[in-house]
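Novice: Please model the entire structure based on the sequences and the hints provided.
Chains V and Z, in that order, give the protein sequences.
Numbered by this note's numbering, the letters in the first sequence go through residues 1 to 265 in order.
Numbered by this note's numbering, the letters in the second sequence go through residues 1 to 302 in order.
No lab work stands behind these hints, which were simulated from the structure alone.
Do not rely on the hints blindly, as some may be mistaken.
[As the list claims (entries may be wrong)] To give a feel for the contact side, a few chain V residues facing chain Z, derived at Cβ under 10 angstroms:
1. Ala57
2. Lys72
3. Ala76
4. Pro79
5. Ala82
6. Val83
7. Leu91
8. Pro92
9. Leu94
10. Lys106
11. Ser138
12. Ile140
13. Ala153
[Claimed, not checked] Pairwise CB distance ranges, derived in the manner of DEER restraints:
14. Phe215/Z x Gly168/V: 27 to 33 angstroms
15. Thr152/Z x Asn87/V: 34 to 40 angstroms
16. Thr32/V x Val125/Z: 51 to 57 angstroms
17. Thr152/Z x Gly19/V: 30 to 36 angstroms
18. Ser141/V x Ile161/Z: 55 to 61 angstroms
19. Gly19/V x Val125/Z: 34 to 40 angstroms
20. Leu62/Z x Ala130/V: 56 to 62 angstroms
21. Ile124/Z x Ala130/V: 23 to 29 angstroms
22. Ala169/V x Ile90/Z: 57 to 63 angstroms
23. Gly168/V x Val295/Z: 29 to 35 angstroms
24. Leu60/Z x Gly168/V: 55 to 61 angstroms
[Claimed, not checked] Here are the simulated DSS-like cross-link-like pairs (lysine-lysine), alpha carbons at most 30 angstroms apart as the crow flies:
25. Lys72/V x Lys201/Z
26. Lys72/V x Lys110/V
27. Lys106/V x Lys201/Z
28. Lys201/Z x Lys110/V
29. Lys117/V x Lys135/V
30. Lys117/V x Lys234/V
31. Lys72/V x Lys159/V
32. Lys159/V x Lys201/Z
33. Lys110/V x Lys133/V
34. Lys106/V x Lys190/V
35. Lys260/V x Lys190/V
36. Lys135/V x Lys201/Z
37. Lys159/V x Lys106/V
38. Lys110/V x Lys190/V
39. Lys133/V x Lys201/Z
40. Lys72/V x Lys190/V
All C-beta atoms in this analysis are idealised placements derived from N, C-alpha and C, irrespective of residue type, glycine included.
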Amino acid sequence: MMHKPYLSLSHVGKSFQRGTNITEVLRDISLTVERGEYVSLIGHSGCGKSTLLNLIAGLTPVSSGTVLLEDKHVNAPGPDRAVVFQNHSLLPWLSVYDNIRLAVDKVWAKESASQRKARIMEKLDLVQMAHAKDKRPSEISGGMKQRVGIARALAMEPKVLLLDEPFGALDALTRAHLQDQVMQIHQTLKNTVVMITHDVDEAVLLSDRIVMLTNGPSATIGEIVNVNLSYPRKRIELVSQPEYIRCREAVLKFLYERHKFVEAA
Amino acid sequence: MSEAALKLETELAEALPLPVRPLSNVVVLPTKHAKPRMIFMPDFKKIGAALLPPLFVMLLALLLWQIFASSPTSGLPPPTTVIAESSDLILHPFFDHGGTDKGLGLHVFASLKRVALGYTLAAIVGIALGTLVGASQLFMRGLDPLFQILRTVPPLAWLPISLAAFKDGQPSAIFVIFITAIWPIIINTATGIRNIPDDYKNVARVIQLNPLQYFSKIMVPAAAPYIFTGLRIGIGLSWLAIVAAEMLIGGTGIGFFIWDAWNSSHISDIIVALFYVGIVGFVLDRLVSYVGSLVTHGMTVN
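Specialist: Following this line, the structure appears as structure tokens:
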């Protein structure tokens with residue numbers, strides 16, 4: 001019997017129509033992700049990374065091809081594919097606790113109130129934000145907001161966690177700290193993650209595989225790099241490891257030699 | 001001794017752990033601050049800075065008014081005459097001598113009752129219609145042109161129509177308030193609903209909120225700052241319209257009082273009534289603004 005992949009995209013394409021203009025953003029994307037795998041999507045801005053993530057999330061319907069998660073068709077958004085959005089998208093009128101509660105009350109509606117409370121606090125502890133549970137998003141820093149966003153997504157216990165440039169809006173130090181935390185969470189929960197990034201080091205540090213997209217329009221998968229580094233990974237030790245250097249070089253060569261961004265950024 | 005030298009001396013004293021004998025006649029300032037005491041001390045400087053400028057402007061305005069209205073050819077009485085002639089109105093706002101001879105407080109109360117009724121109706125219907133128009137392209141296309149035309153009709157132009165329809169002054173006045181206040185509420189609510197960020201909608205879709213939950217948990221709170229902007233404009237317009245409407249309808253109300261005073265040539269009474277109108281309008285505006293800040297937790301419309 002053939003091995004069935006956990007998440008699979010087969011010949012997925014996406015076109016947007018505006019008036020009589022049809023733009024093909026993604027073409028013929030086939031990818032499988034195993035349970036527990038951490039996969040990064042990398043490519044130049046505008047190549048359709050976010051569109052691809054939205055297709056997996058079910059937020060936008062595919063134009064052609066199929067997305068299967070555990071053999072079920074993905075055709076609508078759902079908590080089994082929780083998304084952490086680039087700009088945190090916490091609701092500003094709710095406290096940190098209530099933001100997560102909104103998701104937990106909906107997804108775990110059958111559980112008792114105390115079970116749900118335990119879920120919220122557990123995830124807040126996981127991202128080390130329990131101390132700020134009664135604060136509003138406007139009262140905490142950008143890195144903290146993103147941690148709450150991650151906690152909210154994790155609280156849904158998704159089959160696949162989708163991260164849309166989760167560290168993009170953060171300063172370098174906060175980003176490094178958060179990357180370490182996400183890496184640790186991935187090691188603890190062994191969850192399946194698909195992450196968009198435009199940061200080569202981040203991709204190599206966190207991923208088991210790096211999926212590189214060609215430039216749009218009609219972007220597709222150009223190359224996939226396997227990162228054969230054992231966990232736990234330590235960012236300082238990695239820098240001198242041959243495997244780290246090889247992966248980094250492969251991604252850089254892909255992005256800056258073979259698929260150079262032609263338009264002025 | 002120069003200031004720089006004094007500073008150096010003080011710094012030296014701070015830097016050295018041993019007690020330093022000050023050179024010559026320099027006084028070494030204490031380097032440790034006293035612990036802040038937990039006694040409530042009103043900050044007179046702050047209170048003064050907040051109160052003095054408006055107080056000064058008011059006194060200046062009164063003074064100018066006194067000077068310009070004191071000439072024998074002046075049609076308006078100066079402040080001193082107003083106070084002398086209308087002292088009973090100022091001192092006894094709640095007297096009731098039967099008929100229309102009532103204190104200003106009672107007249108204002110009658111006007112407020114009309115505004116409360118008309119404005120509440122406008123708020124309910126306005127938020128509902130605004131939500132509909134903001135959420136649905138179809139309703140937007142159908143209703144927006146009508147709204148855009150009707151909202152420019154001056155409040156008083158509605159009065160004859162409503163008198164014809166209701167055949168009574170009281171409901172007509174309430175209808176005029178309603179129709180005046182409703183447009184900014186509709187338009188701002190619709191803008192608020194349309195401006196809900198896609199991110200919030202995506203969050204709602206991922207956690208699969210049903211339409212009712214989406215309405216109460218995302219739509220209303222997200223649009224609340226806009227809704228309250230509309231409500232605040234609406235209350236201001238209501239208060240503008242009620243005075244004019246009551247002038248025409250008669251009976252009770254601050255508008256009627258002003259018209260009645262004009263017919264009896266009690267100019268001083270009119271001036272006192274204007275102060276009442278202004279102060280009540282100000283309080284209404286602040287009240288709605290305060291409720292808004294409570295509900296929206298200080299989120300503002302950017």
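Novice: Each hint should be assessed against the structure and marked as holding or not.
Specialist: Hint-by-hint comparison with the structure:
| no. | hint | result |
| --- | --- | --- |
| 1 | Ala57 | holds, 7 angstroms |
| 2 | Lys72 | violated, 15 angstroms |
| 3 | Ala76 | holds, 8 angstroms |
| 4 | Pro79 | holds, 6 angstroms |
| 5 | Ala82 | holds, 6 angstroms |
| 6 | Val83 | holds, 6 angstroms |
| 7 | Leu91 | holds, 6 angstroms |
| 8 | Pro92 | holds, 6 angstroms |
| 9 | Leu94 | holds, 8 angstroms |
| 10 | Lys106 | holds, 5 angstroms |
| 11 | Ser138 | holds, 8 angstroms |
| 12 | Ile140 | violated, 15 angstroms |
| 13 | Ala153 | holds, 8 angstroms |
| 14 | Phe215/Z x Gly168/V: 27 to 33 angstroms | holds, 32 angstroms |
| 15 | Thr152/Z x Asn87/V: 34 to 40 angstroms | holds, 39 angstroms |
| 16 | Thr32/V x Val125/Z: 51 to 57 angstroms | holds, 55 angstroms |
| 17 | Thr152/Z x Gly19/V: 30 to 36 angstroms | holds, 34 angstroms |
| 18 | Ser141/V x Ile161/Z: 55 to 61 angstroms | holds, 57 angstroms |
| 19 | Gly19/V x Val125/Z: 34 to 40 angstroms | holds, 37 angstroms |
| 20 | Leu62/Z x Ala130/V: 56 to 62 angstroms | holds, 59 angstroms |
| 21 | Ile124/Z x Ala130/V: 23 to 29 angstroms | violated, 41 angstroms |
| 22 | Ala169/V x Ile90/Z: 57 to 63 angstroms | holds, 60 angstroms |
| 23 | Gly168/V x Val295/Z: 29 to 35 angstroms | holds, 33 angstroms |
| 24 | Leu60/Z x Gly168/V: 55 to 61 angstroms | holds, 56 angstroms |
| 25 | Lys72/V x Lys201/Z | holds, 24 angstroms |
| 26 | Lys72/V x Lys110/V | holds, 23 angstroms |
| 27 | Lys106/V x Lys201/Z | holds, 15 angstroms |
| 28 | Lys201/Z x Lys110/V | holds, 24 angstroms |
| 29 | Lys117/V x Lys135/V | holds, 17 angstroms |
| 30 | Lys117/V x Lys234/V | violated, 34 angstroms |
| 31 | Lys72/V x Lys159/V | holds, 12 angstroms |
| 32 | Lys159/V x Lys201/Z | holds, 21 angstroms |
| 33 | Lys110/V x Lys133/V | holds, 23 angstroms |
| 34 | Lys106/V x Lys190/V | holds, 24 angstroms |
| 35 | Lys260/V x Lys190/V | violated, 35 angstroms |
| 36 | Lys135/V x Lys201/Z | holds, 23 angstroms |
| 37 | Lys159/V x Lys106/V | holds, 17 angstroms |
| 38 | Lys110/V x Lys190/V | holds, 25 angstroms |
| 39 | Lys133/V x Lys201/Z | holds, 23 angstroms |
| 40 | Lys72/V x Lys190/V | holds, 21 angstroms |
The earlier numbered hints that this structure contradicts are 2, 12, 21, 30 and 35.
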